[in-house]
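Novice: From first to last, the protein sequence lines stand for chains U and W. Following our numbering, the numbering of the first sequence begins with 1 at its first residue and continues without gaps. Following our numbering, the numbering of the second sequence begins with 1 at its first residue and continues without gaps.
Don't take every hint at face value.
Claimed, not checked - Residues of chain W placed beyond 12 angstroms of chain U at every Cβ, according to the derived structure:
(1) 20
(2) 42
(3) 44
(4) 89
(5) 93
(6) 105
(7) 118
(8) 138
(9) 142
(10) 155
What the hints assert, rightly or not - Straight-line Cα separation of at most 20 angstroms, EDC-like style, residue types lysine to aspartate or glutamate; simulated pairs:
(11) U:187 / W:191
(12) W:84 / W:109
(13) W:187 / U:145
(14) W:179 / U:191
(15) W:155 / W:167
(16) U:155 / U:81
(17) U:33 / U:150
(18) W:187 / U:184
(19) W:187 / W:112
(20) W:130 / W:183
(21) U:3 / W:184
(22) U:179 / W:191
(23) U:179 / W:112
(24) W:20 / W:191
(25) U:33 / U:111
(26) U:179 / U:167
(27) W:187 / U:183
(28) W:152 / U:167
(29) U:179 / W:167
(30) W:155 / U:164
(31) U:155 / W:164
(32) U:187 / W:183
(33) W:179 / U:167
Just so you know, the hints here were simulated from the structure itself, not pulled from any lab data. The C-beta atom is built at its ideal place from N, Cα and C for all residues, glycine as well.
2 protein chains.
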Amino acid sequence: MKKIITISREFGAGGSTIGKKVAEILGYEYYDKSIILQAASEKNIDISKVLKSDEEAPFLTGFTQSLFDFYNKPINDQIFEAQKEVIRKFGEHGHCVIVGRNANQILQEFDDSLHVFIHADPWWRVEYLKNNRMQDVSEEKIMRDLVRVDRKRCKYCTYYTNTEFGDSRYYDLCLNSGKFGLDECAKLIVELSR
Amino acid sequence: MKKIITISREFGAGGSTIGKKVAEILGYEYYDKSIILQAASEKNIDISKVLKSDEEAPFLTGFTQSLFDFYNKPINDQIFEAQKEVIRKFGEHGHCVIVGRNANQILQEFDDSLHVFIHADPWWRVEYLKNNRMQDVSEEKIMRDLVRVDRKRCKYCTYYTNTEFGDSRYYDLCLNSGKFGLDECAKLIVELSR
Chain U
1 MKKIITISRE FGAGGSTIGK KVAEILGYEY YDKSIILQAA SEKNIDISKV
51 LKSDEEAPFL TGFTQSLFDF YNKPINDQIF EAQKEVIRKF GEHGHCVIVG
101 RNANQILQEF DDSLHVFIHA DPWWRVEYLK NNRMQDVSEE KIMRDLVRVD
151 RKRCKYCTYY TNTEFGDSRY YDLCLNSGKF GLDECAKLIV ELSR
Chain W
1 MKKIITISRE FGAGGSTIGK KVAEILGYEY YDKSIILQAA SEKNIDISKV
51 LKSDEEAPFL TGFTQSLFDF YNKPINDQIF EAQKEVIRKF GEHGHCVIVG
101 RNANQILQEF DDSLHVFIHA DPWWRVEYLK NNRMQDVSEE KIMRDLVRVD
151 RKRCKYCTYY TNTEFGDSRY YDLCLNSGKF GLDECAKLIV ELSR
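Generate the whole structure from the sequences, applying the supplied hints.
Specialist: Now the structure itself:
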C-alpha cells in the first residue's frame, strides 16, 4: 500500500481536484497550499511574502529583475527549505496526498510512495479553467496565465531540484487528464496505490 | 475502445513484452521491427542497410561522422518515410499495438489511440536485461548499451518528430515498469483502452 502520493501538475489540468478525490477515497490527508502556510508559521516567516513567492524560482532574466530578485532570493530559498522540512514531516507520517511543491523529488527516497504527474492539452485546460475556477476571465487571459504559470513551475522545478518538470522519468505515473477525465485518473491512482 | 495503442519505451524497460501482452489480451496485431521490414520490402530498400539504420537519426557530431552520415542520410530518411507510411496504414486499419518508431507522433491525430511511454530506473533495466535478453553479457556492457540506445532513441525522436523522448506531454500514459511490474502495466493499458 502506497502511503504517500505526490501529484505534480500542469496549471489547469485538474491535479488538485484529482488529488482531493484520491485523498477522499483513501481517507488520506490532503495538502497543497497549506504546506507553505504551515512552513511559514513554523519558521516565523511573513505570510504575505510567502504567498507572493509560492512555487517561484528566485530569479528570471534581465537586470531589473536580477536586482529585484537579489533582494527576494533569501525569502524564496528560505521558504523552499521550510516547505521541504514540512513535506518530509508529512512524508514520514504517511497517509497523505501532496499536490505541487516538487514533493516527488523531496520524497524520492521514500519507498511507500507513488509519484504522479497530471497534464492535458492546452485547449482542454483553457476550457476546464473557463468552466471551473476562472469563469469570469476571458479565454485569451486564461491562455496567457497558462503559459505564465507553466513556465513558472518549470523554472521552480529546475532551480530547486535540477530535474525537468513533466519528464516522465521523474514520476511513476503520468496521465493525460484531458483524455481520461478526472474521475478515471483518480480511480487509477487509487488502484495503483493499493 | 482505443483501436491503436502505441508504446514508446526506454531500452530494457520491458516495453515490447508489455506490448505483446496487451496485444494478446485484446486480440490485436503486434508490430515492432516487422514495420521496418515491411517498409523496406514495399519500397525495395536493401534490408541490410535498413536494419543498420533502425531507429537512428542520420547524423551525430564531428567531421568524420558528418561525412559518413552525409552518405547515409538518404537511407535513414527514406526508411523513416517508408515506415511512416506503413505505420499510418496500420493505424487506419486499427486493432494494433505498435512498439517504437515514434508511432505516437506519426498517429497523433488519430482519435481512437492510446499513446504510452514505458520507463524504469537504470539499475532495474540492467537487472531486467541481465535476466532476460542479455544473460551472457556483463553488467558493465549492458549499462553502456543502455546509455547508447537511450541516446540513439532520443536523437531519433528529436530529429524526426521535433519532440522530446520521454516528455510526458507527448503521451497519454507514462508508466514506471520497474515500480509496477510488466503484468500490471499491461493490465492498466488494457483497462484504459477499453
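Novice: Please go over all the hints and tell whether each is borne out by the structure.
Specialist: Here's how the hints hold up against the structure:
Every CB of chain U lies more than 12 angstroms from the CB of residue 20 of chain W, the least distance being 21 angstroms, so the non-interface label holds. In this structure residue 42 of chain W is separated from chain U by more than 12 angstroms, as the shortest Cβ-Cβ distance comes to about 32 angstroms. At roughly 38 angstroms, the least C-beta separation between residue 44 of chain W and chain U is larger than 12 angstroms, which holds for a residue marked as non-interface. Under the 12 angstroms C-beta cut-off, the non-interface status given to residue 89 of chain W relative to chain U holds; the minimum distance is some 24 angstroms.
For residue 93 of chain W, the condition that its CB be more than 12 angstroms from all CB atoms of chain U holds, with the nearest at approximately 22 angstroms. A cut-off of 12 angstroms between C-beta atoms confirms that residue 105 of chain W is not in contact with chain U; the least separation is 14 angstroms. Taking the minimum C-beta to C-beta distance to chain U, about 9 angstroms, the non-interface status of residue 118 of chain W is violated against the 12 angstroms cut. At roughly 25 angstroms from the closest C-beta of chain U, the C-beta of residue 138 of chain W stays outside 12 angstroms, upholding its exclusion from the interface.
With a least CB separation of 18 angstroms from chain U, residue 142 of chain W remains clear of the 12 angstroms interface cut-off, as annotated. Every C-beta of chain U lies more than 12 angstroms from that of residue 155 of chain W, the closest at about 16 angstroms, which supports listing it as non-interface. Annotation: proposed proximity of residue 187 of chain U to residue 191 of chain W holds, straight-line Cα distance about 11 angstroms (limit 20 angstroms). At most 20 angstroms may separate the alpha-carbon atoms for a hinted pair to count; residue 84 of chain W and residue 109 of chain W meet this at roughly 14 angstroms.
About 37 angstroms separates the Cα atoms of residue 187 of chain W and residue 145 of chain U, which puts this hinted pair outside 20 angstroms; it is violated. Proposed proximity of residue 179 of chain W and residue 191 of chain U is supported: the alpha carbons are some 14 angstroms apart, at most 20 angstroms. About 14 angstroms separates the Cα atoms of residue 155 of chain W and residue 167 of chain W, which keeps this hinted pair within 20 angstroms; it holds. Restraint check for residue 155 of chain U and residue 81 of chain U: the C-alpha separation of about 17 angstroms stays at or below 20 angstroms, so the hint holds.
As the CA atoms of residue 33 of chain U and residue 150 of chain U are separated by approximately 17 angstroms, the hinted pair is consistent with the 20 angstroms bound. Between residue 187 of chain W and residue 184 of chain U, the direct Cα distance comes to roughly 15 angstroms. Compliance with the 20 angstroms bound is thereby established for this hinted pair. This hinted pair checks out: residue 187 of chain W and residue 112 of chain W have alpha carbons roughly 19 angstroms apart, not beyond 20 angstroms. Of the supplied pair hints, the one linking residue 130 of chain W and residue 183 of chain W holds, its CA atoms being roughly 19 angstroms apart against a limit of 20 angstroms.
Under the criterion of a C-alpha separation no larger than 20 angstroms, the hint pairing residue 3 of chain U with residue 184 of chain W is consistent with the structure, at around 19 angstroms. Distance hint between residue 179 of chain U and residue 191 of chain W is fulfilled; the C-alpha atoms sit about 14 angstroms from each other, no more than 20 angstroms. A C-alpha spacing of about 11 angstroms is found between residue 179 of chain U and residue 112 of chain W, which places the hinted pair at or below 20 angstroms, so the restraint holds. With a CA separation close to 15 angstroms, the supplied pair residue 20 of chain W and residue 191 of chain W stays within the 20 angstroms bound.
Distance hint between residue 33 of chain U and residue 111 of chain U is unfulfilled; the C-alpha atoms sit about 24 angstroms from each other, more than 20 angstroms. Among the hinted pairs, residue 179 of chain U with residue 167 of chain U is consistent with the structure: their alpha-carbon atoms are about 18 angstroms apart, no more than 20 angstroms. Between the alpha carbons of residue 187 of chain W and residue 183 of chain U the distance comes to roughly 19 angstroms, so the proposed pair stays at or under 20 angstroms and holds. A C-alpha spacing of about 18 angstroms is found between residue 152 of chain W and residue 167 of chain U, which places the hinted pair at or below 20 angstroms, so the restraint holds.
Pair hint residue 179 of chain U plus residue 167 of chain W holds up; C-alpha atoms about 17 angstroms apart against a cutoff of 20 angstroms. For the hint linking residue 155 of chain W to residue 164 of chain U, the alpha-carbon distance of about 18 angstroms falls within 20 angstroms, and the restraint holds. A hinted pair counts as satisfied when its Cα atoms are at most 20 angstroms apart, and residue 155 of chain U with residue 164 of chain W qualifies at roughly 18 angstroms. Simply put, residue 187 of chain U and residue 183 of chain W have alpha-carbon atoms about 19 angstroms apart, close enough for the 20 angstroms limit, and the pair holds.
For the suggested pair residue 179 of chain W and residue 167 of chain U, the alpha carbons sit about 17 angstroms apart, so the restraint of at most 20 angstroms is met.
In summary, the numbered hints that this structure violates are 7, 13 and 25.
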